[in-house]
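Chemist: Here are the chains, one letter per residue:
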Amino acid sequence: MKKNGTKITVLDPRGQPSGIFGRRLNVDSPMHAIHDPTYQPRDTAEALGKLKMAPRLDKLDGKTVYLVNTGFAGGKEFIEELDGWFKRNKPAVKTVVVNKKTSMFTDDPELWVEIKKNADGVVFGVGG
Amino acid sequence: MENDYGVPTAPIVTTRFADYVQRDGRSHGMNLRWTFPPYPVGWVPRETLRGYIEGNDPVSGALLMDELISALTQPLTDAELHPKAWQRPTWPRLLEPDTEENLHRLFLENGWTDGLPILLPTEERVAEMLTGTGHAPQEYVGMMSVTTHEERLQYTVEKLAVIAVMAGARPEHFPVILALGASGRPSMPSSTTSFASMMVVNGPIRNEIGMNGGLGALSPINYANSVIGRAWTLMSINMGDVRPGATFTASTGTTINYNNMCCAENEELSVWEPFHVRKGFKPNESVVSLFRGWTVLGFNTGPLTRMVEVMKNIGGPFGGSFTFVIDPLVAKSLKNDEGYADPAKLSEWLVDKLNFRFKRPEAVNFVVVGGEMNPMWVTTDFSYFQSVSIDPWIPKAGIKKDARPLRMPAAAVCKDGSCGIDH
Numbered sequence: 001m002k003k004n005g006t007k008i009t010v011l012d013p014r015g016q017p018s019g020i021f022g023r024r025l026n027v028d029s030p031m032h033a034i035h036d037p038t039y040q041p042r043d044t045a046e047a048l049g050k051l052k053m054a055p056r057l058d059k060l061d062g063k064t065v066y067l068v069n070t071g072f073a074g075g076k077e078f079i080e081e082l083d084g085w086f087k088r089n090k091p092a093v094k095t096v097v098v099n100k101k102t103s104m105f106t107d108d109p110e111l112w113v114e115i116k117k118n119a120d121g122v123v124f125g126v127g128g
Numbered sequence: 001m002e003n004d005y006g007v008p009t010a011p012i013v014t015t016r017f018a019d020y021v022q023r024d025g026r027s028h029g030m031n032l033r034w035t036f037p038p039y040p041v042g043w044v045p046r047e048t049l050r051g052y053i054e055g056n057d058p059v060s061g062a063l064l065m066d067e068l069i070s071a072l073t074q075p076l077t078d079a080e081l082h083p084k085a086w087q088r089p090t091w092p093r094l095l096e097p098d099t100e101e102n103l104h105r106l107f108l109e110n111g112w113t114d115g116l117p118i119l120l121p122t123e124e125r126v127a128e129m130l131t132g133t134g135h136a137p138q139e140y141v142g143m144m145s146v147t148t149h150e151e152r153l154q155y156t157v158e159k160l161a162v163i164a165v166m167a168g169a170r171p172e173h174f175p176v177i178l179a180l181g182a183s184g185r186p187s188m189p190s191s192t193t194s195f196a197s198m199m200v201v202n203g204p205i206r207n208e209i210g211m212n213g214g215l216g217a218l219s220p221i222n223y224a225n226s227v228i229g230r231a232w233t234l235m236s237i238n239m240g241d242v243r244p245g246a247t248f249t250a251s252t253g254t255t256i257n258y259n260n261m262c263c264a265e266n267e268e269l270s271v272w273e274p275f276h277v278r279k280g281f282k283p284n285e286s287v288v289s290l291f292r293g294w295t296v297l298g299f300n301t302g303p304l305t306r307m308v309e310v311m312k313n314i315g316g317p318f319g320g321s322f323t324f325v326i327d328p329l330v331a332k333s334l335k336n337d338e339g340y341a342d343p344a345k346l347s348e349w350l351v352d353k354l355n356f357r358f359k360r361p362e363a364v365n366f367v368v369v370g371g372e373m374n375p376m377w378v379t380t381d382f383s384y385f386q387s388v389s390i391d392p393w394i395p396k397a398g399i400k401k402d403a404r405p406l407r408m409p410a411a412a413v414c415k416d417g418s419c420g421i422d423h
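Note that the protein sequences, when read in sequence, are chains Z and C. Per our numbering, the very first residue in the first sequence carries number 1; after that it's consecutive. Per our numbering, the very first residue in the second sequence carries number 1; after that it's consecutive.
There could be a bad hint or two in this list.
Unchecked claim - Listed next, with one range per pair, are the computed distances between beta-carbon atoms: (1) C/Asp352 x Z/Lys90: 52 to 60 Å; (2) C/Gly253 x Z/Gly84: 36 to 44 Å; (3) Z/Glu80 x C/Ala344: 41 to 49 Å; (4) C/Gly253 x Z/Glu80: 29 to 37 Å; (5) Z/Lys100 x C/Leu63: 21 to 29 Å; (6) C/Pro220 x Z/Ala73: 34 to 42 Å; (7) Z/Asp61 x C/Lys84: 28 to 36 Å.
As the list claims (entries may be wrong) - Residues from chain Z shown here face chain C by an in silico Cβ test under 10 Å; the list is partial: (8) Gly5; (9) Gly49; (10) Trp85; (11) Ala92; (12) Val113.
Bear in mind the hints are in silico, worked out from the structure with no lab data behind them. Where is the CB? At the ideal position from N, CA and C, for every residue including glycine.
Excised from the complex, chain Z in its bound form (with noise of 0.2 Å):
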């Protein structure tokens, strides 16, 4: 190794970008799967960046909003007090609580059909 001062060249240590995502579980994947390269799904920031956001709703009045427990620690007892705020200040909007029976990780069709054809909006939560 050169010293006194001199100038030496070394590679850069970090891997490259890749373009590549993971993605949400499959309905049918093991939970542990989501740290798992072997199952982890995988998308293309090309794909991804084509995704778009649903129109907003007017107002919330007469609606219905599906709150969506996804299953982290305090995630049922946060959405139970967030339905309790609309039932306090926003009785107009009428709320749905669901507790997510897959895992947080995990695909859950069956839902988001069901949230489809019977709600205007949906919250999750809650994560972390």
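Chain Z is already provided as a structure; the job is to place chain C on it using the hints.
Modeler: Same frame as chain Z, but now just chain C:
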């Protein structure tokens, strides 16, 4: 819900993950309308949760419920209607030339190390490391992320040679490090629960490169165990994109991450088939097996019934996975005294005895490690995940060894009572 079902959505995560989800949205091209209550929401009184809901979002400063309702009702902005995914730039192969002292500082301050001194990956050192495999430097090996949803970083043989140099490895160790890279599996996946990993090497390479599966195999007294285990962590940091607080969220962390319990199995003293053979590999294949869980739950001695008692008392918080690291004396006792010639039968018996919620015998594994100094076994909550063949990464001419391979002192194991008398 937004894209596939057209339902306006208001997602909520705690402030602790605000940066994470906002960055995630930026890189995915969809910035969802998040609301952030304070942290934590788990194991706090109801009144506290009510206070969060009636209070302000600490990130935006707005009333939390105003924000949540706006998320569902405010018309989409131009940026939301026409999002652009953010693309990370690639970086040059070489860093700007600098002095050795400044480069050490650069690596440390950028979080490219584990905090311990490294060998700087000069072109000469990396070229020498590459002699440890027959694969081309620019050959793609895999991709990795310590997170679940963020972008994977991809890497070549040369990039893993950089990691091997930094860890202090020699070319003879490189095939094992490449096999670790080929798994695509980081040793320290990001979780608030602080994951730990273990790696166990089987097959001829163990002895060829001087790995330790005997006395003190899990202690820092063996060069190969130390540098290979460390390389997996340096790989996870730099290929898995570890950024503390951003991509890496282990709340307490774990010192197991430094070396990942890297060891060999003591095939010579084990009365059972080697672990890799039990997983479908040939005895003469060199294989690295990977495990992950959280922690070492204790060490014990005693007969099989004691093993059941321990398992009953210390079931991990996330289900019934156990990997027992057992001294060869324990394996002998389990075979000769308890009648278990096949550890798979032992796993079945244990699971049946415990009536686990997750009744999976394959979730209870045994590796034989140790020097027959004490018939003890170490209990971990690790799950076995994967075994990777090392052989494809070994040069056709065989493992590239130094003329005089670097070895730390081997354990002085007395076989006939005549050794060690002059100490």
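Chemist: The structure should be examined with respect to each hint, and the outcome stated for every one.
Modeler: Going down the list of hints, with the structure as the test:
no.	hint	in the structure
1	C/Asp352 x Z/Lys90: 52 to 60 Å	holds, 53 Å
2	C/Gly253 x Z/Gly84: 36 to 44 Å	holds, 37 Å
3	Z/Glu80 x C/Ala344: 41 to 49 Å	holds, 45 Å
4	C/Gly253 x Z/Glu80: 29 to 37 Å	holds, 33 Å
5	Z/Lys100 x C/Leu63: 21 to 29 Å	holds, 27 Å
6	C/Pro220 x Z/Ala73: 34 to 42 Å	holds, 36 Å
7	Z/Asp61 x C/Lys84: 28 to 36 Å	holds, 35 Å
8	Gly5	holds, 5 Å
9	Gly49	holds, 4 Å
10	Trp85	holds, 5 Å
11	Ala92	violated, 12 Å
12	Val113	holds, 8 Å
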